Amino acid sequence: MVARDLRRSFRTTQGRLRRTRSEVEAVRGVSFEIAPGETFGLLGPNGAGKTTTIKMLITLLLPTSGSASVLGMDVVADVRAVRRRIGYVFGGDRGLYDRLSGLDNLRYFAELYGVEPREQQRRIGALLELVGMTGREHERVEGYSRGMRQRLHIARGLLHDPDVVFLDEPSIGIDPVGARELRATIASLKEQGTTVLLTTHYMFEADELCDRIAVIRSGEIVAEGTPEQLKRGVASGRVLEVETYGVPAGVVETLGDLGPVHSVAVEERGQLQVLVLQCDADSEVTQDVLSRLGDVRVGRVSAREPTLEDAYVQLVTQ
Amino acid sequence: MTRLTTRARQLWLCYRLQLKILLVSPFEGFLGVVFPLMFATATLLVYRVEGDPRAMAYAGLGAAVMGVWTSVTVAASSLLNRERWAGTLELLVAAPTPFLMVLVPITTAMATVGLVSVVVTLVWNRLVFGVRLDVASWPLLVLGVLAATVTIAMFGFLLSVVAVRYRTAWALGASLEYPGWLLCGFVVPVSLLPLVVRPLSWALAPTWAVEAMRSAASGGSPWGELAVCLALGAAYAALAAYLGRRLIESARRHATLALT
Ligand SMILES: Nc1ncnc2c1ncn2[C@@H]1O[C@H](COP(=O)(O)OP(=O)(O)OP(=O)(O)O)[C@@H](O)[C@H]1O
Ligand SMILES: [Mg+2]
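Which chain is which? The protein sequence lines are G and C, in order.
To get my numbering, take the position in the first sequence, counting from 1, and add 5.
To get my numbering, take the position in the second sequence, counting from 1, and add 288.
Treat the hints loosely; a few may be bogus.
[To be verified] Under the rule of at most 16 Å between Cα atoms (straight-line distance), these lysine to aspartate or glutamate pairs were calculated in the EDC-like manner:
# : chain 1 : residue 1 : chain 2 : residue 2
1 : C       : K308      : G       : D166
2 : G       : K195      : G       : E225
3 : C       : K308      : G       : D103
[Said to hold, decoys possible] Listed below are several chain G residues computed to face chain C (Cβ distance under 7 Å; list not exhaustive):
#  : residue
4  : I63
5  : L66
6  : R89
7  : V94
8  : G100
9  : Y113
10 : Y118
11 : L194
12 : F209
13 : D212
14 : E229
15 : Y250
Calculated directly from the structure, the hints in this document are not laboratory data.
Nothing here was measured: the structure is a model prediction, and the numbers come from that model.
Each residue gets a CB set at the ideal place from its N, CA and C atoms; glycine is no exception.
Chain G extracted, bound-state conformation (with noise of 0.2 Å):
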C-alpha cells in the first residue's frame, strides 16, 4: 500500500445569515509506503487527519491531491476491485443495523461482500467464535452493550476474509479482557498475511502491535519509524520522574535549564503532581533536580527506559 503526497481538504462554512466559508486542511501532503503483511500504526492527536486519511484509502473520500494505491490498485481509478479486497472498521458503537439481530447484520454485509452462502455459514460461526459473540447472535444489536457492538463489527470488517484491513480505533469501548483478545486477533491477522493500518490512541496497543508507526500531527507526519526507532528517537534517553506535592510552576521551568534535561511535562494524579523528565541517557541529574526543588515536598523518585508514550508525546507537543 503505498500514499503519495495525500491531500485533502474540506470546506465548511460557518454562521447562519452571514455564511463564511472557509477551507480545513485536514491531510496536507501525506507519503507512507507500508509493506504486504505489514502492521502499520497510525498515531495521532485528536484531528490529526488519521480518519481522513484512511477514509481516502478505502474509497469513501477522493483525495484533494495526491494519489495512493492499494494492492497495487489506484483507489480513484479501480475502486471496485479495492473494495473487494479490502476491510473496515471504525471504532464507537456505530455502522450497525440496530433493528437487525447480530446474526442478520453480519449476513447482510456478507451478501454485500458477495461471500458464497456456504462459505457465509462457515465464516460468520468463525468470526463470532473470533470475537466472543457466540450464543448472542440472534439477539437484536439495539439490545447489545457497546463493546458488543464494537466486536460485532470488527466481525463485520473481516467477513470476506480481506487481504487489507484499516482499523480505526478498534478497541474504543472495550473491556480490557476483550482489548486483550482484540490484540491477539490483529496480530492472529498478521500471522495469516494480512495487512493492516491501525490508528489508535493507546500506545501500549500500537507498541504491541505495529511493525512500523507514523506520527501524524496537524496532517502531516512528523516521524515514521518502528516503535523501538521511535523510542531511540526521543532526543533522550531516560526518563526520569519525580513525584512531587504542590510544586509551583516557576521551579518547573527552571527544572528545563538543566543541562541534560530536553523537556519536563507535568502529570496531575490527585494530590501530586509527577514531573516527566526526559534526560541524557547517561547524566546523572537527580541531585541536581532535587536541589533546584528545594523545599517541595518529593515523593517517589524513579527512572525509566522511555516508552512510545514519551516519543509520542514529545512528537505531537513539540
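For this one, chain G is given, so just place chain C with the ligands on it according to the hints.
Then chain C with the ligands, alone, in the frame of chain G:
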C-alpha cells in the same frame, strides 16, 4: 450465469432483511399502514356527504394509492439519512456491490409495505364505509395497483439517490407528500387543477396509475394510462441510475457520506 444467481440472491436476502427492518419498527408500521387508513377515512367522510356511491368508489381507490405515495416518499428520503446517522451509509458505499444494487432492495421493501397498505385500505373502505368496488375487470385493477406501487417505488428510488448526496433531501421527500396528493389526482380530479400545474401532474407516474385503476374498475380500457405510467416509472429508474453514479462520486468529493 453464476454471477446472475449471486446477484439475485443478494437482492433477495437484502430485500428480506430490509423488510425486517421496516416491519420491526412500530413507527414505520404505523406510517405504512395506519396513516393511510386515516387519510382514507378523512377522505371518505368528506365524500360521504354527497351520498353518491360512484364518488365513494372514486375516492376510495385514490385514497388507497395516496397512502403508498405518502409512506414511500417520506420513507425513501428519510431512510438513507437514518443510515447516515447509524454510520451504515459509508459501509454500504464501501462495499463492492454497486450502490444502486443496494438501493433496489431497500426501495422494493418500501413498495411492499405500500402494497400491503393499499390492500388494507381497500378492505377498510369496504368494511367501515361499505364502499363497494364494482370492478369490471379485477385483473386489470390488480395490474393498475401494481403499476402504481412499482412506479411510486421508482420515484422513491430517485429520491433516495438524491438523499445520498444531499443531507437535507429528507425535507424534499416530506415537502412532496401533500402536493403529491393534489397533483396526482388521488382524491380530486386533475382537471380541477389550474392549467399551469397540470404538466406536473402528467409527469408524475401515480397520476396515470390511479387513472388506469379507475378505468379498470369502471370497465374502460386502462392500457393507454398503464403504458404512460410504466414509461414514466422506467424514466425515473433510468434517471436514478444515471444520477446515482454521479451523486455518489460527488458525495465522495464533498464528504457528505458521514456526519463526522
Ligand atoms: N466531513 C468533514 N467536513 C468538514 N471537516 C471535516 C470532515 N471530516 C473531518 N474534518 C476535519 O478534518 C480534520 C481531521 O479529522 P479526522 O477525523 O481525520 O481526525 P482524526 O485524526 O481521525 O482524529 P480522532 O483521533 O479524533 O479520530 C478535523 O479538523 C476535522 O474537523
Ligand atoms: Mg478518527
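Now the hints, each set against the structure:
1. Between C:K308 and G:D166, the direct Cα distance comes to roughly 27 Å. Violation of the 16 Å bound is thereby established for this hinted pair.
2. Of the pairs offered as hints, the one joining G:K195 and G:E225 is violated, with about 27 Å between alpha carbons and a cut-off of 16 Å exceeded.
3. Proximity of C:K308 to G:D103 is assessed by CA-CA distance (about 11 Å); at most 16 Å being required, the pair is judged to hold.
4. Interface hint at G:I63: satisfied, since its Cβ lies 6 Å from the closest Cβ of chain C, which is below the 7 Å cut-off.
5. A distance limit of 7 Å between C-beta atoms decides the matter here; for G:L66 the minimum to chain C is near 6 Å, and the interface restraint holds.
6. The closest approach between the C-beta of G:R89 and any C-beta of chain C is roughly 4 Å, which is under the 7 Å cut-off, so the hint is satisfied.
7. Nearest Cβ of chain C to the Cβ of G:V94: about 10 Å, over the 7 Å cut. The hint is violated.
8. For G:G100, the shortest C-beta to C-beta distance to chain C is roughly 4 Å, which falls under 7 Å, so the interface hint holds.
9. Given the 7 Å rule on beta carbons, the hint for G:Y113 holds: about 5 Å separates it from the nearest Cβ of chain C.
10. Checking G:Y118 against chain C: minimum C-beta separation of about 6 Å stays under 7 Å; hint holds.
11. Below 7 Å, beta-carbon pairs count as interface contacts, and G:L194 has none with chain C, the closest being about 19 Å; its hint is therefore violated.
12. Because the beta carbon of G:F209 sits about 26 Å from the nearest beta carbon in chain C, more than 7 Å, this interface hint is broken.
13. Interface restraint check for G:D212: the shortest CB-CB distance to chain C comes to about 27 Å, outside 7 Å, so the restraint is violated.
14. With a cut of 7 Å, the hint placing G:E229 at the interface with chain C is violated, because the nearest CB-to-CB distance is about 25 Å.
15. This hint is violated: G:Y250 has a C-beta 42 Å from the nearest C-beta of chain C, more than the 7 Å allowed.
Hint check: violations occur at hints 1, 2, 7, 11, 12, 13, 14 and 15; the rest are consistent with the structure.
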